[in-house]
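I would like the entire structure built from these sequences, with the hints used as guidance.
Those protein sequence lines, which keep their order, are chains A and B. For the first sequence, the numbering used here assigns the number 999 to the initial residue and increments by one for each residue that follows. For the second sequence, the numbering used here assigns the number 5 to the initial residue and increments by one for each residue that follows.
I should point out that these hints are in silico values taken from the structure, not numbers from a laboratory. Keep in mind that the hints are not guaranteed to be accurate.
[What the hints assert, rightly or not] Distance ranges between label pairs, derived from CB positions:
(1) 1178(A) x 257(B): 42 to 52 Å
(2) 65(B) x 1159(A): 21 to 31 Å
(3) 153(B) x 1177(A): 15 to 25 Å
(4) 35(B) x 1110(A): 46 to 56 Å
(5) 293(B) x 1110(A): 53 to 63 Å
(6) 82(B) x 1103(A): 16 to 26 Å
All C-beta atoms in this analysis are idealised placements derived from N, C-alpha and C, irrespective of residue type, glycine included.
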Amino acid sequence: MRVRSWLGVAGALLLALAVLAALLAPLIAPYRPMQLDLRARLAPPAWLVHGSTRHLLGTDNVGRDILSRLIWGTRISLSVGASAALLGAVVGSTLGLCAGFFGRRIDAAISWAIDVQLAFPFTLFALFLLAVFGGGFLPVVGVLALATWVNFARVVRAQAEVLRTQDFILAARSIGVPTPRILVRYVLPAALPSIVVVGSFSAAQAMLTEAALSFLGVGVDPTTPSWGAMLELGRNYLQTAWWMAAFPGLAIAWVVLGANLLGDWLRIRLDPRGGALR
Amino acid sequence: MSEALLDMNGLEVRFGSTIAVRDVGLHVLPGEAVGLVGESGSGKSTAMLAVLGLHPPGSAAVTARRLRLAGHDILAVPERTLRDLRGRVAAMIFQDPLTALNPVMPIGSQIAEVLVRHHRLGRSAAMMQASALLETVGIADGAGRLRDYPMAFSGGMRQRVMIAIALAGQPRLLIADEPTTALDVTVQAELVRLIRGLQRERGMGLVWVTHDLALMAGVVDRVVVLYAGRVMESAPVDLLYARPLHPYTVALLESLPRFEAGPPRVRAHATRDVAPAAEGCPFAPRCPHRFARCAQMPPLFEDRGSLAACWLLAR
Chain A
999 MRVRSWLGVA GALLLALAVL AALLAPLIAP YRPMQLDLRA RLAPPAWLVH
1049 GSTRHLLGTD NVGRDILSRL IWGTRISLSV GASAALLGAV VGSTLGLCAG
1099 FFGRRIDAAI SWAIDVQLAF PFTLFALFLL AVFGGGFLPV VGVLALATWV
1149 NFARVVRAQA EVLRTQDFIL AARSIGVPTP RILVRYVLPA ALPSIVVVGS
1199 FSAAQAMLTE AALSFLGVGV DPTTPSWGAM LELGRNYLQT AWWMAAFPGL
1249 AIAWVVLGAN LLGDWLRIRL DPRGGALR
Chain B
5 MSEALLDMNG LEVRFGSTIA VRDVGLHVLP GEAVGLVGES GSGKSTAMLA
55 VLGLHPPGSA AVTARRLRLA GHDILAVPER TLRDLRGRVA AMIFQDPLTA
105 LNPVMPIGSQ IAEVLVRHHR LGRSAAMMQA SALLETVGIA DGAGRLRDYP
155 MAFSGGMRQR VMIAIALAGQ PRLLIADEPT TALDVTVQAE LVRLIRGLQR
205 ERGMGLVWVT HDLALMAGVV DRVVVLYAGR VMESAPVDLL YARPLHPYTV
255 ALLESLPRFE AGPPRVRAHA TRDVAPAAEG CPFAPRCPHR FARCAQMPPL
305 FEDRGSLAAC WLLAR
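So this is what it looks like as structure tokens:
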């Protein structure tokens, strides 16, 4: 428990630093993300031979500052991750709530959709959708939510199914509380801790997938500095300029690790059996 | 004669192929208290849930020759009307106060739920009324406890909160489903007095569901005894104690613990190991007086003010 909570704090810290970088990007990034410095193309990081403190983490093939692009890229990664998790949470929790509470046909239909979603090779599916309908922030978030909603739906469905037969639900019905209100005020609050936990794991999953999609060239927007796109670009220069790929890779690992550590800790912390719910 | 609050006749509740309640009738007038007695699994609670239309449509099939709650045909009205009746015309107190309150909602909000819904009160007016209700059911400093969660209350206190919720809609019929079973004996006595007092004071009809026949004396006017989903006997409470007609009622009364000297009179054959008969009188397999006619279900025979379903009375 001791170690776990230390790791949780570490995860929160990793994420907090990333959020701070995203918010303060215009202030702390030494250059604008698109600013070219053609005389300093493929400059190595500052601590290597030929490196200079003008570009701490080096530059890419057209002389853009890697550190600045990483800092700006935080915005894309975090906003896509958070939005996809949020959208997935809203859609997935609603469907899971209905499936678990109403059961029967509604449950059968939603559970079927969950199974189909899980059985599908998701990255391929996302690639197809984005290739056909075009990329951009909203389409990417929408496609990622297509993957995350299942996580929420499964967990909330299981909880709602247990709660539906509880006495206090029957008691609420016996005083005339309408079903939508029972769902929102009686069932949802009990599922909320699980939703938070699944949310942090889903955000990590979404950030990773966003990087993968950008790597494959169907990401948010080729002109915005996305970590995945940087990674892809760096792939061509692995032999000569490893820093072009290595630092975006580390950045992705940074936020995904942060979100997962936080989620892991929340899972234990918010477990009702741990008694730390209130 | 005033209109019956509850007029139930020939109620049947099926779960798949299992018949949990069959041919049960119950009649409650305003101000009248009726006890519904039977052992667990006899269909008492199932029958009462049907009164409020609380069985989910998929799981249970509810039919009746007549099922009227304050004049409304429960089996015919739409869900909207049912919701409007629940809590306002009839309210229910449940057996286990530890599970019947929403653990993640302050009790004030749970009481106010009824007031806002049925009496169109604003939030603050509802809260004031909720604190008054808490004091009515014997919780001191009602206003100060509105924000407390159920976990801050003991079992007996939680049952008082349940009663406050049930009273909030000013129902004309109160259904108490074993309200004291989960509580210890001293608390039990207090709550019986509380519910009985409130019922008399407000002139409500009361259905008290219990497995404890001894509890009924001085609480209800009439007792209906159920066994395996059927009515065995229906009698004024004094007559039931003084002159039980049905062999099952006799066995129930004999099984009550007494302080009198003498060997215990619980009979060996009167155990739960003997399954109720599927055909005819369900009590026949455990009955000391069983004879050939018991293979058919007897109708209710009247005998000097009591009704009992037993062929012995046909002679």
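- What hint numbers does the structure not satisfy? Every hint satisfied by this model.
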